[in-house]
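Protein chains in written order, with the numbering used here: chain A, 1 to 253; chain B, 1001 to 1247.
What the hints contain is simulated information worked out from the structure, not anything from laboratory work. Wrong hints could be hidden among the right ones.
[What the hints assert, rightly or not] Among chain B residues calculated to face chain A with C-beta under 8 Å, some are: (1) Phe-1012; (2) Gly-1013; (3) Val-1050; (4) Arg-1072; (5) Arg-1076; (6) Asp-1123; (7) Gly-1126; (8) Ala-1128; (9) Arg-1129.
[Claimed, not checked] In silico negatives: residues of chain B with every beta carbon more than 12 Å from chain A: (10) Val-1094; (11) Leu-1157; (12) Leu-1176; (13) Gln-1208; (14) Ser-1247.
Cβ coordinates follow ideal geometry from the N, Cα and C atoms, glycine included.
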Amino acid sequence: MRDTDPGLPQGQQAPPDVDLGRVWTAVAAQVWRRRPGWLERTTGRLLRSPGLARALLTTPSLLLPWLIASIVVLAAGAAATLNSGQPVVALLAPAVAAAAIAYSYGPGVDPAWELSCSMAVSDRMVLLVRALAVFAVNAVLGLAASAALGGPARSGAAAAAGAAAAVTFGWLIPMTAVCAFALAVATLARSANAGAAAGVAAWLITVLSGRVASGHFAAAVTDTVLFLPYLAIGVTCAAVTLFATRIPRGSYR
Amino acid sequence: MNVEITELTRRFGRNLAVAGVDLQAGPGVFGLLGPNGAGKTTLLRMMATVIPPTAGRLRLLGRDPGAYGPRREIRRRLGYLPQNLGYYPGFTVVEFVEYFALLKETPAARVPAAVATAIERVDLGGKARAKLRTLSGGMLRRVGIAQAIVNEPELLLLDEPTAGLDPEQRVQFRALLRDLGQRATVVVSTHLVEDVGAACSEVALMDQGKIVFQGTPAELTARGTEHGTGDAPLERGYTAVLAAARS
Chain A
1 MRDTDPGLPQ GQQAPPDVDL GRVWTAVAAQ VWRRRPGWLE RTTGRLLRSP GLARALLTTP
61 SLLLPWLIAS IVVLAAGAAA TLNSGQPVVA LLAPAVAAAA IAYSYGPGVD PAWELSCSMA
121 VSDRMVLLVR ALAVFAVNAV LGLAASAALG GPARSGAAAA AGAAAAVTFG WLIPMTAVCA
181 FALAVATLAR SANAGAAAGV AAWLITVLSG RVASGHFAAA VTDTVLFLPY LAIGVTCAAV
241 TLFATRIPRG SYR
Chain B
1001 MNVEITELTR RFGRNLAVAG VDLQAGPGVF GLLGPNGAGK TTLLRMMATV IPPTAGRLRL
1061 LGRDPGAYGP RREIRRRLGY LPQNLGYYPG FTVVEFVEYF ALLKETPAAR VPAAVATAIE
1121 RVDLGGKARA KLRTLSGGML RRVGIAQAIV NEPELLLLDE PTAGLDPEQR VQFRALLRDL
1181 GQRATVVVST HLVEDVGAAC SEVALMDQGK IVFQGTPAEL TARGTEHGTG DAPLERGYTA
1241 VLAAARS
């Protein structure tokens, strides 16, 4: 598009060799340009992919309303723990994380999911990065809630190490298993609702079964016999998710 | 040839959506016509590498999309507008188009210019900073087209691109299609026969998962001179071929 305006005086006309359309597009590109925040820039460098970083920062269950809701639930759990003496935070954390993982990616959660599946940045990679980020954030929230109850900070070094181990084996391992299960169900059923419901239901059943079997409400997070099965479930469900998100190579030939 | 399809089949349980399709397409605008449920969208989704075929052979841009590396390369050079374009209501037009430019692995330094060019090409410059939730259906369709063309694709797949566009926008869009078709292979799935007549150099007609006609719009028109029904010549060709395929 080479424009000259007959209404303008000679001196104000664009030279005939100037492509005003291209000039306008270049100006628009600068005016409309979005400046990524430091978190997106850093994540992009770490992941070596600005697209993956952007996809990570659009994770539905990492947006502020979801994070606030998670913090409120865990804070309520911490208050209940202080009042009742029961490890409510340890019992709540896996369920909260499982729901967040299920809502991290997939049809029904990501509005442009089908479009995302045709992109060069692998949808499997997006799923993996988002799931890991959601897990990490929930682990930090859970640790913060545990710390708020007064463990490591108020004790000596040995007690702190013991408390950290208790937290790790108490709820972090069950949380890994429940999250992996929720993710596997969400991936297989292609439904975040199904994944979240399955994860929360499975954890509820585990807690209630522990209560019936041992008489303790917190057996699901204190019984060391369960740690190995939790790990086995976590590994199996992660393998199921990887299998379900593959593209069968032979079918194109 | 940018698209080479041989005996391509896709099943969903017992339902045979695409039944052994053969198709070749080079640069130009290729129209995919057919009634609802003919298998056009499924064929396009396979070409967009969203779903794998059940059987058959598919090569896109000279590559095999079954392997990770070639599939990634295809996707970098691919533009796709799905029938149901989901959008993030809180994103602006620029943010949405930019997001998909990044996911297509467009070099970061080239993204702002590519986004601006794509938005201007669909005539949405005036709404560049508007939130998607504030746009009309026709405008959202144009946003979808902008994200599809933001990487200057060599293979552009458009599923019902003119749905929701008003007549003036459809005329502009056909001009854009013709322009894009000079460099790329553009496959347009539609049930609007007039879009095909105005913009496509070649057309295939699908029915019940199979291609029942392939040729130029003029050849399709010629099929309807005696037995077709419809208001426009191309429509008469369309109905005549469908009637012959079903008889």
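Verification of the supplied hints:
1. Phe-1012: violated (13 Å)
2. Gly-1013: violated (14 Å)
3. Val-1050: It holds, given that the least Cβ distance between B/Val-1050 and chain A is near 5 Å, below 8 Å.
4. Arg-1072: Hint holds; B/Arg-1072 Cβ to chain A Cβ min 5 Å, cut 8 Å.
5. Arg-1076: holds (4 Å)
6. Asp-1123: violated (13 Å)
7. Gly-1126: violated (11 Å)
8. Ala-1128: Hint on B/Ala-1128: holds, closest Cβ of chain A at ~5 Å, below 8 Å.
9. Arg-1129: holds (7 Å)
10. Val-1094: violated (5 Å)
11. Leu-1157: For B/Leu-1157, whose nearest Cβ neighbour in chain A is about 8 Å away, the distance does not exceed 12 Å, so it is violated.
12. Leu-1176: For B/Leu-1176, whose nearest Cβ neighbour in chain A is about 14 Å away, the distance exceeds 12 Å, so it holds.
13. Gln-1208: Fine: 22 Å to the nearest Cβ keeps B/Gln-1208 off the interface.
14. Ser-1247: Non-interface label stands for B/Ser-1247: nearest chain A Cβ at 34 Å, farther than 12 Å.
Of the numbered hints stated above, those contradicted by the structure are hints 1, 2, 6, 7, 10, 11, listed in ascending order.
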